[in-house]
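Colleague: Input sequences plus hints: build the corresponding full structure.
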Amino acid sequence: MTNYMNLFLEIILGILALAAVAGFLRLARGPSLPDRVVAFDLLATVGVGISAVYSMAHNQPVFLDVAVVLALISFVGTVAFARYIEERLKGGTL
Amino acid sequence: MKSLILQTASRYLMVLLVIFSVFILLRGHNEPGGGFVGGLLIAGAFALYGLAYTPKTARRLLRLDPRTIIGVGLVTAAGSGLAAVWHGQPFLTGQWLPYRIPFLGKLGTVFFFDLGVYLVVLGTTLLVLLTLEEE
Chain A
1 MTNYMNLFLE
11 IILGILALAA
21 VAGFLRLARG
31 PSLPDRVVAF
41 DLLATVGVGI
51 SAVYSMAHNQ
61 PVFLDVAVVL
71 ALISFVGTVA
81 FARYIEERLK
91 GGTL
Chain V
1001 MKSLILQTAS
1011 RYLMVLLVIF
1021 SVFILLRGHN
1031 EPGGGFVGGL
1041 LIAGAFALYG
1051 LAYTPKTARR
1061 LLRLDPRTII
1071 GVGLVTAAGS
1081 GLAAVWHGQP
1091 FLTGQWLPYR
1101 IPFLGKLGTV
1111 FFFDLGVYLV
1121 VLGTTLLVLL
1131 TLEEE
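Sequences listed follow chains A and V, in order. No gaps in the numbering here: position 62 of the first sequence is 62 in our numbering, and each next residue is one more. Basically our numbering = 1-based index in the second sequence + 1000.
Errors might be hidden in some of the hints.
Label pairs and their computed distance ranges (CB to CB) [unchecked claim]:
1) Val-62(A) x Leu-1074(V): 26 to 34 Å
2) Gln-60(A) x His-1029(V): 14 to 22 Å
3) Leu-1097(V) x Ile-15(A): 27 to 35 Å
4) Asn-1030(V) x Glu-10(A): 24 to 32 Å
5) Glu-87(A) x Arg-1100(V): 50 to 58 Å
6) Arg-1067(V) x Tyr-4(A): 52 to 60 Å
7) Ser-32(A) x Thr-1093(V): 52 to 60 Å
8) Val-62(A) x Lys-1106(V): 28 to 36 Å
9) Pro-1032(V) x Val-21(A): 41 to 49 Å
10) Leu-89(A) x Arg-1063(V): 49 to 57 Å
11) Ala-20(A) x Lys-1056(V): 56 to 64 Å
12) Glu-10(A) x Gly-1094(V): 37 to 45 Å
13) Arg-88(A) x Thr-1054(V): 15 to 23 Å
14) Gly-14(A) x Val-1018(V): 46 to 54 Å
I should point out that these hints are in silico values taken from the structure, not numbers from a laboratory. Backbone N, C-alpha and C fix where the C-beta goes; we use that ideal spot for every residue, glycine too.
Modeller: Written as structure tokens, this is what we have:
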């Protein structure tokens, strides 16, 4: 039973890694600044998922705290970016 | 930026961030965590509050000037090292209370050093962030 669970978790880690690659592609290519900010937020969320699944797969409860802190702090970062974009819009250029 | 959603959400998030930063500060000696990470977290809480409302409101919520917090933290960290000199041991040697306190565990000067680091990181980060937000 636990064998199947571990295999399952490893597959999830692989899928999350693919999502991270897709996010990095959008971060590098994104035509406009908002695209890049959304990609950045996606990468942070994927990071939360990876640390949560990793803590389950390898029985390391410490990584759950990493997931909580990353989720809380990445929100602050995204809000700061949104504010920056808003200020730039007021200036006229994006 | 006046967003009612963000302002309401930031109040709840701020409570979470402050609780978590204190938890990480207290856990710090034997497990991952400590003064530096805890200070960064609580600085993030005040930065979020300053973004949702105004930097002025965040300063009023903080009560003290960030520079005062840096000073208090430095004095706390240095003072925790002096306790060892009082007992005739090298500077910054850990001194522990002989008995355990319920829910907290053993209290020692190491905790006060961590508390000093916590305050210094909080003050420095907020000094930078609030000044930048006020620009």
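Colleague: Are the hints correct? Go through all of them and say.
Modeller: How the hints compare with the structure:
no. : hint                                : verdict
1   : Val-62(A) x Leu-1074(V): 26 to 34 Å : 30 Å, holds
2   : Gln-60(A) x His-1029(V): 14 to 22 Å : 19 Å, holds
3   : Leu-1097(V) x Ile-15(A): 27 to 35 Å : 50 Å, violated
4   : Asn-1030(V) x Glu-10(A): 24 to 32 Å : 30 Å, holds
5   : Glu-87(A) x Arg-1100(V): 50 to 58 Å : 52 Å, holds
6   : Arg-1067(V) x Tyr-4(A): 52 to 60 Å  : 57 Å, holds
7   : Ser-32(A) x Thr-1093(V): 52 to 60 Å : 57 Å, holds
8   : Val-62(A) x Lys-1106(V): 28 to 36 Å : 21 Å, violated
9   : Pro-1032(V) x Val-21(A): 41 to 49 Å : 28 Å, violated
10  : Leu-89(A) x Arg-1063(V): 49 to 57 Å : 34 Å, violated
11  : Ala-20(A) x Lys-1056(V): 56 to 64 Å : 39 Å, violated
12  : Glu-10(A) x Gly-1094(V): 37 to 45 Å : 42 Å, holds
13  : Arg-88(A) x Thr-1054(V): 15 to 23 Å : 19 Å, holds
14  : Gly-14(A) x Val-1018(V): 46 to 54 Å : 37 Å, violated
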